[in-house]
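Participant: Sequence:
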Amino acid sequence: MSSATPASSSARGHRAVLTPSATVPAEHRPTPGPIAIGPKPLQHVVDAVESGGGTLGPLDESTRGLMWLSHTKIDELDDALTTYPNIEWVQLPMAGVDMFAPIMAKYASSPRPLWTSAKGAYSEPVAEHAVALTLALLRVFPERVRASSWATEPKGISLYGLDVVIVGAGGIALEIMRLLAPFDPRITIVRRSSSPVDGAARTVPAAQLDEVLPTADVVIVAAAMTDDTAKMFGTPQFAAMKDTAVLVNIARGGLVDTDALVDALDSGSLWGAGLDVTDPEPLPEGHPLWTNDRALITPHQADTPDMVAPLLAERIRHNVRALEGDGEFIGVVDPAVGY
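So the sequence shown is numbered by the numbering used here: it starts at 228 and just counts up by one.
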């Protein structure tokens, strides 16, 4: 194992390098040298690398892999991969990696690097947030918290036994299903294929989304953001939904046509919308969603840094061991499709 030392906090981007020691299968077999972390290597990440069997050091020609801890320095990642073509593995810090899609697409036909994300790692806090938004909307919390006098009209919907549509079938969707189980809902999963999902009453392909919306009481968006899914919820979808239905989006703002959503809420054709993500994001001051009594907005904090730190650390620890040992990485991203 290399004796490389941690990189300095310089303009090099706070990068560090990891060198695993064991043999891996041919498709992941190491070249001589290390793997890197950067930028901003927080202590929990450094600890995770070391506990996974890695050694830290500076990014250079011998670097085998890179853990990229920022979503705002994408050009620097592109430069690093161009400068150091021997990098075999890139770990990204988020579940949704659409912002990295242009870079990953460059390597879609190349055997390296292998891309892994945090997909599945943050399922619990994000699913918890989705359920919190759902309950708040059904119980008209957006209207209640804005009130300045005692309401006399009874209003609210119970979650028990409702028809719930979840768009997506990844770790977050599965955790949402688990959290909703005590409410005994009828769950429909919408995904790329119609392959059954355990625990769902039915599973339909994305092409049939419009067919399941008319009976839905709750629609939770937990899908990846791609060219195919952009604005998958627009005027036709909101028109198909019941006026007692709620929409919750904890995935990406671009999956929903914001103008169409505002129109649906203003017209009363939707009971409410809970958004942890918006398009544009951040949502500008003065945007009509801020003052809409049917809207509940949180600032993309379904998973806070304190919540995700141990979860990301465990993902990194596992993948370092995978590189060092059997090559069974988790959170593998297909660069051709972007998730």
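Calculated from the structure, these hints are not laboratory results. Everything numeric in this text was worked out from a predicted model, so none of it was measured. Just so you know, even glycine gets a beta-carbon here, dropped at the ideal spot from N, CA and C. Among the hints, a few may not be true.
What the hints assert, rightly or not - Label-pair restraints from in silico Cβ distances:
#1 S336 x G388: 44 to 50 Å
#2 P423 x Q270: 41 to 47 Å
#3 S496 x A457: 19 to 25 Å
#4 K458 x P329: 16 to 22 Å
#5 A536 x V559: 33 to 39 Å
#6 G347 x D437: 24 to 30 Å
#7 R405 x E380: 30 to 36 Å
#8 P312 x G426: 23 to 29 Å
#9 D305 x R405: 49 to 55 Å
#10 P432 x K333: 25 to 31 Å
Participant: All the hints need checking, so say for each whether the structure fits it.
Facilitator: Do the hints match the structure? See the list:
1. Our hint of 44 to 50 Å for S336 and G388 holds, since their Cβ atoms are close to 49 Å apart.
2. Take P423 and Q270: their Cβ atoms lie about 43 Å apart, and the range 41 to 47 Å holds.
3. At about 22 Å, the CB distance of S496 to A457 agrees with the hint of 19 to 25 Å.
4. At roughly 19 Å, the beta carbons of K458 and P329 sit within the given window of 16 to 22 Å.
5. At roughly 22 Å, the beta-carbon separation of A536 and V559 lies outside the given 33 to 39 Å, and the hint is violated.
6. Against the hinted window of 24 to 30 Å, the Cβ-Cβ separation of G347 and D437 comes to about 28 Å, which satisfies the hint.
7. The hinted window of 30 to 36 Å between R405 and E380 holds, with their beta carbons roughly 35 Å apart.
8. The beta-carbon spacing between P312 and G426, approximately 44 Å, falls outside the hinted interval of 23 to 29 Å.
9. Against the hinted window of 49 to 55 Å, the Cβ-Cβ separation of D305 and R405 comes to about 38 Å, which falls outside the hint.
10. Range check, P432 to K333: about 29 Å between beta-carbon atoms, so the 25 to 31 Å window is met.
When held up to the earlier numbered hints, the structure conflicts with 5, 8, 9 and fits the remainder.
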